[in-house]
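Engineer: As they're listed, the protein sequences go chains A and B.
Counting with full-length UniProt numbering, you get residues 1 to 499 for the letters of the first sequence.
Counting with full-length UniProt numbering, you get residues 1 to 499 for the letters of the second sequence.
None of these hints come from the bench; they were simulated from the model.
Built from N, CA and C at the ideal position, the CB exists for glycine as well.
Hints should not be assumed to be uniformly reliable.
[Claimed, not checked] Derived list of chain A stretches under chain B, where covered just means 3 residues or more per stretch with a C-beta under 8 Å from a C-beta of chain B: (1) 194–207; (2) 251–265; (3) 352–362; (4) 385–398; (5) 426–436; (6) 440–447; (7) 450–456.
[Unchecked claim] Not everything, but these chain B residues come out facing chain A in the computed CB check (under 10 Å): (8) L118; (9) R120; (10) G165; (11) C169; (12) G173; (13) E305; (14) N391.
Protein chains: 2
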Amino acid sequence: MLDQFDARLDADFPPVDPVRLIAALKPLLPPENLKTQAEALRPYETDGLAAYRSLPAVVALPETVEQVQAILRVCWELGAPVVARGAGTGLSGGALPYPGCVLLSLAKFSAILEIDALARTARVQPGVRNLAISEAVAHLGLFYAPDPSSQIACSIGGNVAENAGGVHCLKYGLTVHNLLKLEMVTLEGEVLHLGSDAYDAPGFDLMALMTGSEGLLGIVTEITVKLTPLPETTQVLLAAFDDVAVAAQAVAEIIAEGVIPAGLEMMDGPALRAAEDFALAGYPKNAAAILLCELDGAAPDVAEEIARVSALLSSCGATEVRLARDEDERKRFWAGRKGAFPAVGRIAPDYYCMDGTIPRRALPNVLTEITRLSEVHGLAVANVFHAGDGNLHPLILYDAAKEGDQDAAEALGGAILELCVSVGGTITGEHGVGREKINQMCVQFSGSEIDAFHALKAAFDPKGLLNPGKAIPTLARCAEFGGMHIHHGELPFAHLPRF
Amino acid sequence: MLDQFDARLDADFPPVDPVRLIAALKPLLPPENLKTQAEALRPYETDGLAAYRSLPAVVALPETVEQVQAILRVCWELGAPVVARGAGTGLSGGALPYPGCVLLSLAKFSAILEIDALARTARVQPGVRNLAISEAVAHLGLFYAPDPSSQIACSIGGNVAENAGGVHCLKYGLTVHNLLKLEMVTLEGEVLHLGSDAYDAPGFDLMALMTGSEGLLGIVTEITVKLTPLPETTQVLLAAFDDVAVAAQAVAEIIAEGVIPAGLEMMDGPALRAAEDFALAGYPKNAAAILLCELDGAAPDVAEEIARVSALLSSCGATEVRLARDEDERKRFWAGRKGAFPAVGRIAPDYYCMDGTIPRRALPNVLTEITRLSEVHGLAVANVFHAGDGNLHPLILYDAAKEGDQDAAEALGGAILELCVSVGGTITGEHGVGREKINQMCVQFSGSEIDAFHALKAAFDPKGLLNPGKAIPTLARCAEFGGMHIHHGELPFAHLPRF
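Sequences and hints are given; from them, build the entire structure.
Structural biologist: What follows is the structure in structure tokens.
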């Protein structure tokens with residue numbers, strides 16, 4: 001089921017003759033920036049969601065905005081699908097090529113163009129790595145706050161396309177909250193400037209619209225990000241619990257108390273034990289769940305919050321609350337969390353990482369329900385996630401070599417996402433919809449809402465050439481999938497409390 | 001020039017027979033909710049921008065979402081323009097009726113539907129007053145942060161339509177940053193749910209798109225806002241300066257220091273003297289400018305910041321720095337600021353309130369340039385504004401009874417907005433474009449950008465019936481206006497430093 005990218009339900013283009021396409025693109029780029037041979041195309045056949053793969057007709061690596069404009073004009077004229085790609089680390093298949101498309105890589109847009117320490121902004125090209133921005137401004141006492149787990153490799157352009165999150169987004173916001181301006185090129189080759197250096201921009205909020213639009217509306221060629229002052233102090237608390245639901249309840253109470261941690265992460269027993277074996281982080285291996293709560297800011301403030309949160313965790317039923325004694329221990333605590341995905345990869349042949357969000361107060365019930373679903377589907381689940389903002393990452397453990405396991409993993413993943421929607425949550429927190437969750441969009445949205453998305457898409461891309469088959473399902477797909485839109489906790493999880 | 005709403009350049013509808021329109025609407029509403037007599041229409045002929053006026057054919061006051069759907073379906077079928085109206089306090093003419101339109105008042109959508117103290121959200125109808133939300137949740141230690149000056153009267157639906165700001169937006173964000181969900185009705189009568197209770201929502205960010213869209217895309221019928229914990233302590237510093245540019249420089253330095261005040265407001269000499277005469281706030285009347293800097297949060301934190309900001313203000317050249325001794329004095333300081341507009345109204349027969357934003361570091365140069373422009377145009381300007389976020393409110397003083405004064409005021413206002421754009425700023429910070437600044441949109445945006453706005457508008461409103469002649473100019477209008485798009489400090493202010 002998870003294999004070739006089959007887009008019959010989503011788009012149906014008359015095939016573009018690859019010879020004609022390549023001939024039209026050749027004059028636009030130096031030869032080494034246009035890849036057409038099968039072995040050169042192969043590295044682009046998939047992204048971080050390796051379950052699907054398919055080949056583009058050609059990979060274009062432009063270096064200038066003018067080249068991007070010229071490439072898009074060719075695609076527009078010939079009716080060729082175009083799929084943009086950053087670093088290819090995305091987990092929802094957003095950069096998966098449409099068969100026979102032009103794969104537009106922004107890898108050569110890799111310059112940091114300007115750093116303004118006083119205004120606290122950086123103007124960068126989309127191929128710049130997320131972490132490279134923070135590294136470039138560290139000497140100014142600044143950093144770029146959104147920090148997806150892949151930040152060492154993922155590109156800021158991909159972050160914009162997926163509205164990426166991360167551990168620190170609880171306090172500092174998602175990608176969209178950390179942008180000032182975007183420069184984009186439309187499919188017809190027009191350059192648009194979105195947002196402004198100032199506080200607000202008139203006109204429709206195209207910058208927010210473009211952020212998270214997964215390559216469906218245009219190609220981003222320049223990004224101005226906000227930078228954040230590095231906090232004076234950062235400390236981390238580890239709390240252990242003998243019940244997952246109790247840990248989840250503690251999360252809601254910390255936030256209700258008015259504390260906004262820089263990060264508030266949760267791992268359940270299977271996840272924390274895998275992480276401990278892998279990273280020797282110092283986690284209590286007999287716990288049913290742990291929370292990591294990072295607090296940052298001015299020193300007196302952090303000290304006061306550490307005291308409040310520690311007391312609260314104890315009163316919420318934590319069996320142990322530990323403050324990382326020093327920077328070494330703090331880093332070890334985080335190393336365990338950051339290595340949790342690969343660690344889980346060592347205890348099962350394969351895992352499927354889900355990404356849904358729920359209102360925080362739904363955490364205890366949803367975790368209990370995930371355990372039940374896991375038993376129903378006969379597959380174990382390890383939970384490692386951004387608890388503070390209700391962004392779940394259940395890792396479904398399976399063995400692709402075992403008959404039926406992959407289908408069961410997919411079914412369980414779908415059920416978990418529908419559970420998220422049924423309690424007022426969403427089918428994605430930070431990974432995007434891409435190819436992976438396109439069916440679940442039919443659960444999240446009504447036909448009218450999906451129609452509105454299509455109308456908006458058509459305003460930018462009337463021929464439907466930009467990243468076809470991603471993010472927004474056709475109504476035909478929803479009909480085939482079963483079209484079960486859940487609005488506010490109707491079927492199939494009506495037995496759960498409404499939030 | 002500022003009188004009848006002349007929309008020839010913007011939209012040209014075949015007139016709808018009012019008898020037919022009223023006959024179609026009558027079955028949809030109780031008789032008292034459909035106003036058709038001239039004297040009943042008169043109160044709706046203008047809004048907070050009293051310079052323009054025109055009459056609708058009918059005023060509809062629906063009370064349910066179903067009634068809104070039915071009214072919009074009639075407008076869609078008959079091709080009748082529709083203008084939505086909240087409290088009518090907007091300053092850019094956003095609620096000004098298109099001649100002969102259906103004026104859709106949301107005044108009867110005035111219920112607070114749900115308050116959730118744990119999730120810190122309130123679900124409200126669009127006709128609820130901004131301040132009423134904070135009043136309803138004060139006993140829970142919460143408030144709704146965006147606070148336009150009109151907050152006692154303006155409605156949350158209007159705040160969403162204009163993406164309203166206020167004194168506290170520097171720290172707490174604009175309206176769009178304080179929303180979780182919107183329910184809207186499309187022109188074709190479909191109900192859409194935008195945003196989510198969770199951290200992020202999949203699909204295109206229609207919630208951000210709808211916020212600030214000035215009634216051009218649909219009608220908002222329900223709003224879920226985020227609530228913010230009331231700060232433990234609030235203190236205010238007053239700093240006096242003998243030079244406006246020095247005060248402006250101090251603003252940039254406070255922010256560069258890493259402090260984010262809850263509010264950072266500036267008044268120049270004419271404004272502060274008018275305010276002092278009016279409100280007896282205790283301002284130093286011989287100063288060339290004052291800053292009010294409000295700091296809020298935990299008590300030790302605020303004490304530390306007060307010390308840092310006081311020292312910084314002195315080192316930046318403040319001639320006097322005073323901490324409000326008690327809550328009474330703090331309120332007096334703010335009473336002067338909040339009364340500054342009516343106070344200025346006492347020193348000149350008329351004033352024209354502008355609203356532009358600029359990058360903070362441009363403040364000293366821009367204030368100097370406004371003084372020069374004021375001399376060129378022969379009209380005095382008083383400056384009262386949200387300095388911390390670079391949101392200017394120059395008040396142009398004139399006498400409408402004096403031949404040529406009104407035209408001069410408009411010309412000076414336009415020049416000030418173009419100045420804002422030329423330094424990388426925008427033509428509106430929080431008042432919206434509406435009717436007032438539609439020509440300046442041609443300065444802010446390129447033809448391609450305006451085309452993108454039109455395409456997006458057409459996706460929601462293919463007949464162009466929603467609030468015609470507002471916010472997005474036609475290219476015909478830009479051509480008539482002179483079509484002088486300024487991108488990043490090209491003409492006509494290229495002599496100013498680029499930011």
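Engineer: Would you mind marking each hint as holding or not holding in the structure?
Structural biologist: Verification of the hints:
For the stretch 194–207 of chain A, the stated coverage by chain B holds: 11 residues have a C-beta nearer than 8 Å to a C-beta of that chain, and at least 3 were required. Check result for the stretch 251–265 of chain A against chain B: holds, 3 residues qualifying (beta carbon to beta carbon below 8 Å, three or more required). Counting residues of the stretch 352–362 of chain A whose beta carbon lies closer than 8 Å to any beta carbon of chain B gives 5, which meets the minimum of three for the stated coverage. Look at the stretch 385–398 of chain A against chain B: 3 of its residues bring a Cβ nearer than 8 Å to a Cβ of that chain, three or more, so the hint holds.
Figure legend: the stretch 426–436 of chain A, annotated as covered by chain B; annotation consistent (7 residues with Cβ-Cβ distances under 8 Å, at least 3 required). Counting residues of the stretch 440–447 of chain A whose C-beta lies closer than 8 Å to any C-beta of chain B gives 4; at least three are required, and the coverage claim holds. Counting residues of the stretch 450–456 of chain A whose beta carbon lies closer than 8 Å to any beta carbon of chain B gives 5, which meets the minimum of three for the stated coverage. A cut of 10 Å between beta carbons decides the hint on L118 (chain B): the least distance to chain A is about 5 Å, and the hint holds.
Of the supplied interface hints, the one on R120 (chain B) holds, with its beta-carbon coming within about 8 Å of a beta-carbon of chain A, less than 10 Å. The restraint placing G165 (chain B) at the interface with chain A holds, with a minimum CB-CB distance near 7 Å, inside the 10 Å limit. For C169 (chain B), the interface hint holds, since its Cβ comes within 10 Å of a Cβ in chain A; the closest pair sits about 8 Å apart. For G173 (chain B), the shortest C-beta to C-beta distance to chain A is roughly 9 Å, which falls under 10 Å, so the interface hint holds.
At its closest, the beta carbon of E305 (chain B) sits 9 Å from a beta carbon of chain A; the interface hint therefore holds under the 10 Å criterion. Against a cut-off of 10 Å between C-beta atoms, the interface hint on N391 (chain B) holds, since the closest Cβ of chain A lies about 6 Å away.
Going down the numbered hints, you'll see the structure goes against none, and every one checks out.
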